Each structure stands twice: as structure tokens, then as C-alpha cells.
Amino acid sequence: MRLRFIWQILPAFFFLILLTLLLLTWLFARNLSNFYLEETAAGLEARARLAAFQITDSFALEHSDRLDELSIRLGKETGTRFTFVLPSGAVLADSLEAPERMENHALRPEIASALTGTIGKATRYSNTVHKNMMYVAIPVQNQDQLLGVVRAALPVTTIDQTLGIVYQQIIVSGMVVMLIATLIGIYISRRISRPLEEMRRGAERFARGELTERLRVRGSEEIAALATAMNTTAYELDQRMRTVVRQHNEQEAVLASMVEGVLAVDTSERIIRINRAAAALIGVTPEEVKGRSIQEAIRKADLQRFVRRALSARDPVEGDIVLHGNEDLYLQAHGSLLRGESGQELGALIVLNDVTRLRRLENVRRDFVANVSHELKTPITAIKGFVETLQEGAIADPDNATQFLEIMMRQADRLNDIIDDLLILARIEQDSDQQELPLTTMSLTTVINAAVQACANLAAEKLVHIEHNCPPDLCIPINAPLLEQALINLLTNAIKYSPQQGKVLIEASHGDNKTIINVRDWGCGIDKIHLPRLFERFYRADKARSRKLGGTGLGLAIVKHIAQAHGGEVTVTSTPGEGSIFALQIPLKAESGNNHAAGTNSTPKNIPNQED
Amino acid sequence: MPLYLQRQIEDLKKRILTLSAVVEESFHQAIHSLEEMDTSLAQAVIERDIEVNEMEVDLEEECLKILALHQPVAIDLRFIVSVLKINNDLERISDLSVNIAQRTRGLAALKPTPIPFALFAMAEKVESMLKKSLDSLVNLDIELAREVCHLDDEVDAIHKDNYGLVKDQIRRHPEQLDALIEYLSLSRHLERIADLTTNIAEDVLYMIDGEIIRHTY
Numbered sequence: 013m014r015l016r017f018i019w020q021i022l023p024a025f026f027f028l029i030l031l032t033l034l035l036l037t038w039l040f041a042r043n044l045s046n047f048y049l050e051e052t053a054a055g056l057e058a059r060a061r062l063a064a065f066q067i068t069d070s071f072a073l074e075h076s077d078r079l080d081e082l083s084i085r086l087g088k089e090t091g092t093r094f095t096f097v098l099p100s101g102a103v104l105a106d107s108l109e110a111p112e113r114m115e116n117h118a119l120r121p122e123i124a125s126a127l128t129g130t131i132g133k134a135t136r137y138s139n140t141v142h143k144n145m146m147y148v149a150i151p152v153q154n155q156d157q158l159l160g161v162v163r164a165a166l167p168v169t170t171i172d173q174t175l176g177i178v179y180q181q182i183i184v185s186g187m188v189v190m191l192i193a194t195l196i197g198i199y200i201s202r203r204i205s206r207p208l209e210e211m212r213r214g215a216e217r218f219a220r221g222e223l224t225e226r227l228r229v230r231g232s233e234e235i236a237a238l239a240t241a242m243n244t245t246a247y248e249l250d251q252r253m254r255t256v257v258r259q260h261n262e263q264e265a266v267l268a269s270m271v272e273g274v275l276a277v278d279t280s281e282r283i284i285r286i287n288r289a290a291a292a293l294i295g296v297t298p299e300e301v302k303g304r305s306i307q308e309a310i311r312k313a314d315l316q317r318f319v320r321r322a323l324s325a326r327d328p329v330e331g332d333i334v335l336h337g338n339e340d341l342y343l344q345a346h347g348s349l350l351r352g353e354s355g356q357e358l359g360a361l362i363v364l365n366d367v368t369r370l371r372r373l374e375n376v377r378r379d380f381v382a383n384v385s386h387e388l389k390t391p392i393t394a395i396k397g398f399v400e401t402l403q404e405g406a407i408a409d410p411d412n413a414t415q416f417l418e419i420m421m422r423q424a425d426r427l428n429d430i431i432d433d434l435l436i437l438a439r440i441e442q443d444s445d446q447q448e449l450p451l452t453t454m455s456l457t458t459v460i461n462a463a464v465q466a467c468a469n470l471a472a473e474k475l476v477h478i479e480h481n482c483p484p485d486l487c488i489p490i491n492a493p494l495l496e497q498a499l500i501n502l503l504t505n506a507i508k509y510s511p512q513q514g515k516v517l518i519e520a521s522h523g524d525n526k527t528i529i530n531v532r533d534w535g536c537g538i539d540k541i542h543l544p545r546l547f548e549r550f551y552r553a554d555k556a557r558s559r560k561l562g563g564t565g566l567g568l569a570i571v572k573h574i575a576q577a578h579g580g581e582v583t584v585t586s587t588p589g590e591g592s593i594f595a596l597q598i599p600l601k602a603e604s605g606n607n608h609a610a611g612t613n614s615t616p617k618n619i620p621n622q623e624d
Numbered sequence: 546m547p548l549y550l551q552r553q554i555e556d557l558k559k560r561i562l563t564l565s566a567v568v569e570e571s572f573h574q575a576i577h578s579l580e581e582m583d584t585s586l587a588q589a590v591i592e593r594d595i596e597v598n599e600m601e602v603d604l605e606e607e608c609l610k611i612l613a614l615h616q617p618v619a620i621d622l623r624f625i626v627s628v629l630k631i632n633n634d635l636e637r638i639s640d641l642s643v644n645i646a647q648r649t650r651g652l653a654a655l656k657p658t659p660i661p662f663a664l665f666a667m668a669e670k671v672e673s674m675l676k677k678s679l680d681s682l683v684n685l686d687i688e689l690a691r692e693v694c695h696l697d698d699e700v701d702a703i704h705k706d707n708y709g710l711v712k713d714q715i716r717r718h719p720e721q722l723d724a725l726i727e728y729l730s731l732s733r734h735l736e737r738i739a740d741l742t743t744n745i746a747e748d749v750l751y752m753i754d755g756e757i758i759r760h761t762y
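Protein chains in written order, with the numbering used here: chain A, 13 to 624; chain B, 546 to 762.
A few of these clues could be false.
[Unchecked claim] Every beta carbon over 10 Å from chain A, so not counted as near; a handful from chain B, in silico:
| # | residue |
| --- | --- |
| 1 | 550 |
| 2 | 580 |
| 3 | 581 |
[What the hints assert, rightly or not] Computed footprint of chain B on chain A; a stretch qualifies when at least three of its residues, placed anywhere within it, have a C-beta under 8 Å from a C-beta of chain B:
| # | segment |
| --- | --- |
| 4 | 301-308 |
| 5 | 312-324 |
Just so you know, these hints were derived from the structure itself, not from any lab. Owing to the predicted nature of the structure, the values given are computational and were not obtained by experimental measurement. Where a beta carbon is used, it is the ideal one built from N, C-alpha and C, also for glycine.
With the rest of the complex left out, here is chain A (with noise of 0.2 Å):
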């Protein structure tokens, strides 16, 4: 147990106090007690000198009636106890016992230096009267005979109660003295100890982070530079924890707003670090993964194993990532090591690169080759084959000639077809580019009914009935005669897809800062899996069906460019066997001609552009 300040002072001012006490207390009664038993020791010489000159002439044993009574009168008169003796030691008179009574007092020692010739002195306990008793003794003589000793004696028990007083009044002063040091040492205690608290508190508060408090400078030399000194210290960490802070937020930042996903992992697969592209391509959220090992927080096998690899290679490692999802994700993933700043092994960084729309792109690309090659060769080489015929000898049979010829017509009609819509596709795209488009406010209902007209004639052989409804005061501003393109694209597309007698519904209706245009049948429906890629060009969702029912491949292909042309975007909807919707949706306001970019990336299917 620590003890408290004051404890530690308190017995070393007590110790020197008493030191202090005992050393004068001692010092004092011996000097006193010395000078009082000198001055009583010369009084009793004076006195026995005195009474030794009044009986010089009569000390003898024949006086000794005389002696007795004188010794008693002096004795009286001074308080003081006279002894005369004898030089054999007998006892003359006494002040206060019968010489009778007495024993010889040749051997007492200051009787017996006396009778040498000397002075004696002796201080003993009487037993005649019972008390502390001074005793001096002087020789009687005359003319060098020593006629007797002189003896007068004094009790010295009041040096003993001037001493006892002295000593009470000593030990009531210092007790005095020591409760006075106590409230001074309280004092000074807490005068060192109460800065020294103000300095643990506020200690414990630049331990808490409290770093901007500060302490107050004051009290001694020495506590006021301690708080200084704390508080530069104080300064000093709130700078330099300002700088860390500031450099953590900024990495911190730098990571998260990196387009990249990056995952860092120690040595035992824990998830150290995740940054938000990261979290959001794998699905997660970096809170609820931080710290996990990656089996747990991450169920995706080839991420696992490429972290596994990241981390068992000594090199820089490289891979594509498929996570498996509602939609797969095309990831290319970089991993190295990390390392420490001795070399050692901290764990593995791994940088994700989202490649689902770029190879997207280059499929729609590469079926994009295929499928242009192939829908022009198909009528190219039907047309040659068909010549050939003809040349080898078959243009001699009439009614196989006519036929081939027919044949031959309808290829190089579909020939034109496909080259047309690539013209007008060319051509949209081209106008778009430059922004030439002249968007003109008009009616809507004109442009569907000319729309409806125009596949009148492919309804009636289907005996497919169009429903069309649009409010009549709809005005919106768009390029009539492509906007009817594309409705009329959608409306064949319905038409050919719908079954006999079936119906086809065609209506427009205000929404949010855009009109939309749907054009439904409830025909076979589209499988899942085409509709993000249906308004690519040449695309077919049934390779077979599509191409019997005749068309180019590049219908919906246009409705997109017109859609987009337009600022505006086309979606579908479909489910098989119970019939499609598609949405165009043109917005309000023109914005300066056309929305490219703003128009696709708010496709909500991914939806290739440009490129398709």
C-alpha cells in the first residue's frame, strides 16, 4: 500500500520535534539542576560556616545542652538541618534528632572528608527524615586542632518539583508544539500533494484523448514546469495523433473511393482490410466481414482460391474471378503479398477489377462479326447458288426458271432489307453523334396511328386486332418519322410473335418527366436469359423462328437508337409463354437533342451500347 504524502512528512517533523524536546529538556535539567544543587551546596557552606563561627569556642561535649538548643534555633529559623559532630564521630547535636538517638557519623562521606580537612559534600536519602537530603560538611577549627565538623543539610526534593513542573510544561508545549506542526504539515501536504492531483487527473484525461485540455501552471518552480512539460507533451501527441488520424482518414478515403475492389487478408485468411468497390462486387457490406476469416465471411470458391494462391506464391499473382450471383461478375484479380517493414509476411492484397461489362462487350462484338457474316451471306450464297442453277442449263426449264428467279428476288429483297436498316442505323447513330437531330413538339396520337396504319396490312393476315390508346392531347417533342419507325418495329415484332387472332395492345401514358410507350402481346414470351441482350444487333433470342418469320435482326436494334436518340431508353419485360412488354420511354424535356450516355447507363439491364 502506497502511503499518502502527509504520512511520510508527519513522522519526520514529529521525530525532529521530539529530537529537538529531549535534547534542550535534558540540557535543561542538567544545567539546572547543576546550578541549583552548586548554589544550594555553597548556601549550606555559608550557613555551616556561620553557625561554625558562632560555636568555634564552645564545640565540646560539655556544651552540648548549648549546641542542641542552638542547633535547633538555627535550624528553625533557617530550615535548614544542623549537625555538629564530634572528631570521633559522635554526634553533638542535631536540629532535628536527639544526638542521643543517633549512630556515629564518622563514616559518612561527607563527614569523613571533613575530617580530613576538607569540605564535604554528599547528596543521599535520610533515613531521619525520610527525604532526598544535601549534606555539607565543614571542619571546625582552631588553631590547626579540629574541634568537630559542622554539618548542614537541605532536602533537594524541590529541585526534583521545580524539575517535574519544568517537565510537565515541556510535554504540554511540545505537545502543543507537534499538533501545530501537524496542521502545518497538513498544509504543506496538501500544498505539494493538491497540484500534484490536479496533475494525475488531467494526466488520466491526456490518457483518455483529451489532448486539447490543459493543465494550469502554478503553485512551486517545480510543479509549475511539470505542467509544462505535460502540457508540450499533450501538445505534442495531439499533433502528431492529428497527423495520423489525417493520414489514416486519407488511405482510408484513397481506398474507399477507389473504383478497384481491394481486400487485404493476414496470413490466416482474416480479412484485415475491404474497401467499399470490394464490398459491393462481392455482396457484402466491410463491417460485417472485417476480422472474419474469408471461408466465413466470403462463400465464393474461386475468390477463395485465388486468395489462397495470393498467399502460398511468392510472387505477384494473377486471375480471373467468376462470383457466381443473381448475375455472374467477370472479375480480373491481382494479388501480392504483403510484407512488413522487415520483410516479414503480414498477409495478402488482393485487387479486384469488375470485367463483366467488358466481356459482355466482347461477346456482343465477336457475335456481332458472326452474325453480320452470316445474315448477309445467307442470301448472297442462296442468290449464287440459285444463278449457278440457272447457268448450268436450268434457265431452258420455264417453270424452274421463274421460280428460281422468285427465290432470287425475295434473297435480294431480304439483301436490301438488312442493308437498309443498317443504313438506318448508320444514319441515327450518325445524327445522334452530332447532335442533329430536329425534335419537333407534336402530337403523339398522329404518330401511333400512323404507326397502326402501317401494320394494318401485317395485322389483317394474322387477323391480329390492335388495340392503340393514347390521350389525345399528348405532346411531346420528338422526330416524327423516326419515332414511327420504331413503333412500328415494335408493333411487327408483336404482330409476328402474336398467336392468330390474337391482340396487340399499343398505348402511351405520362410518367415522371417522360412518356412511355408500351407496346404488349401476349404471344410466346422471351426467355430470361436473352432479354439483356435483345436489342443487340443481329441478336436473335430462336435462331429458326425468327428468321422464318423474316426480318433483318436489326428491328430492335433501332428502336434502341431511336429511343436513344430521342434521350429516352427502351425496356422489356417478358415472361415466356404469356407475352412481352416493351417500354419506350421518351423523356419531356429535349434534353439539347440527344442523351447518349445519360440514356444507357440508366438502363437498368446493362444494356450494351454504342458498340452493338
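Guided by the hints, dock chain B onto chain A, whose structure is given.
Chain B only, in chain A's frame:
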């Protein structure tokens, strides 16, 4: 020694989770191959089963080693026993995914035939069950495990309906018999996988509660 045991159990957990990720991927790809009629993907699924089998054997040996060396008790014992069983279930799911992939190859060789029931909706349901059961394993989530046990009834009912639907279609179009039988097998595989995910969920519940709740749902 308990620290060492703890580390081994940690390792065991990692292994079973890795296996579960691979199996989940296998199943997903099997279904995907079926959707796209992608035979090369189906082939990849079939080949992956070898990897899964190896992992299963390794895991089982690891479990037996820990049991023999440390003779764990209470939660550790339950964990290892559950891992043994889940390991088994996962391997079976992988086998069934292979079966599905084989059906893809079979169907790809046949004329496209409309599916008489909502196969992919059923597959989606089973996939979500698998995902939930594995999530419950990762997070030791009792609620999720219970949910999986209840979902199994729905899949069972769907399979029962499918049986009737396929039978009707066979009667109407006997010429589509081959494809229809493949579809029926698919329904059955999916139903089996759903059962196995339920087993996993039950093992998770056992691991957490120490109560065997099999045959009560």
C-alpha cells in the same frame, strides 16, 4: 493442448466452409448450365466433383484425427460430429449437382422440349435453401436453420406436383418421353438436394443446441 485443439478446430471450420463454397458453386453452375444448355459448363461441374471428393476425404480424416488425438467433449465434440455429417451432406449435394450436369448433357442431345413445370423457380428455391443452410452454418444462426427445415416441405410439395405434371405431359406427348424423364429426374435431384440442405440445417441446430431434432419437422 486446448489451444492446439482450438487451432485445429479453427482449421476444420475453414475447411468445411471452403468445401461449402465449392459445392455451392458447383450447384449454381449445374443449374446455370441447364439454363443455358451449356455442356462445357456441365463438364466443368462434373470434373469439379473429383476435387470435392478429395476435400471430403481429407476433412473426414482430419475430423477422425482430432477425435482420436484430443478426445474433445461438449461443444467441440458436437462441432466435430456435425462437421463430419455436414461434410457427408455436402459431398452428396456435389454428386447430385453432377447428376444435374449430366442431365444437361442428356437434354442438349435431345430436341428442345418445353418443361412442363417451373423447373428454374424450383431450382432457385433449392439454391436459396442451400445458401441459407450454409449461412446458418457460418453465422451459427438458429433462426435461419429452422427456416430451412420449414422450406423443405414446400420443395417436397413442388416435387410431388411435378410428378403429376410430367405424367400428364407424357400421356399427351409420348414422343417427348426422353426429355420428360430427364426433367422428372431433375425435379427429383433438386428435391434430394433440398433434403440434404435440411440435414445441414439440422446438424447446425445440433451443433448449437446439442439437441437432435431430426424427424421432428
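So, going through the hints one by one against the coordinates:
Residue 550 of chain B, annotated as away from the interface, keeps every beta carbon of chain A farther than 10 Å; the closest lies near 16 Å. Residue placement check: residue 580 of chain B does not keep its beta carbon more than 10 Å from all beta carbons of chain A (closest about 6 Å). With a closest Cβ-Cβ approach of about 6 Å to chain A, residue 581 of chain B is found to fall inside the 10 Å limit, against its non-interface label. Chain B is given as covering the segment 301-308 of chain A, and this holds because 3 residues of the stretch bring a CB closer than 8 Å to a CB of that chain, at least three being needed.
Coverage of a stretch by a chain is defined here by at least three residues with a beta carbon nearer than 8 Å to that chain's beta carbons; for the segment 312-324 of chain A and chain B the count is 4, and the condition holds.
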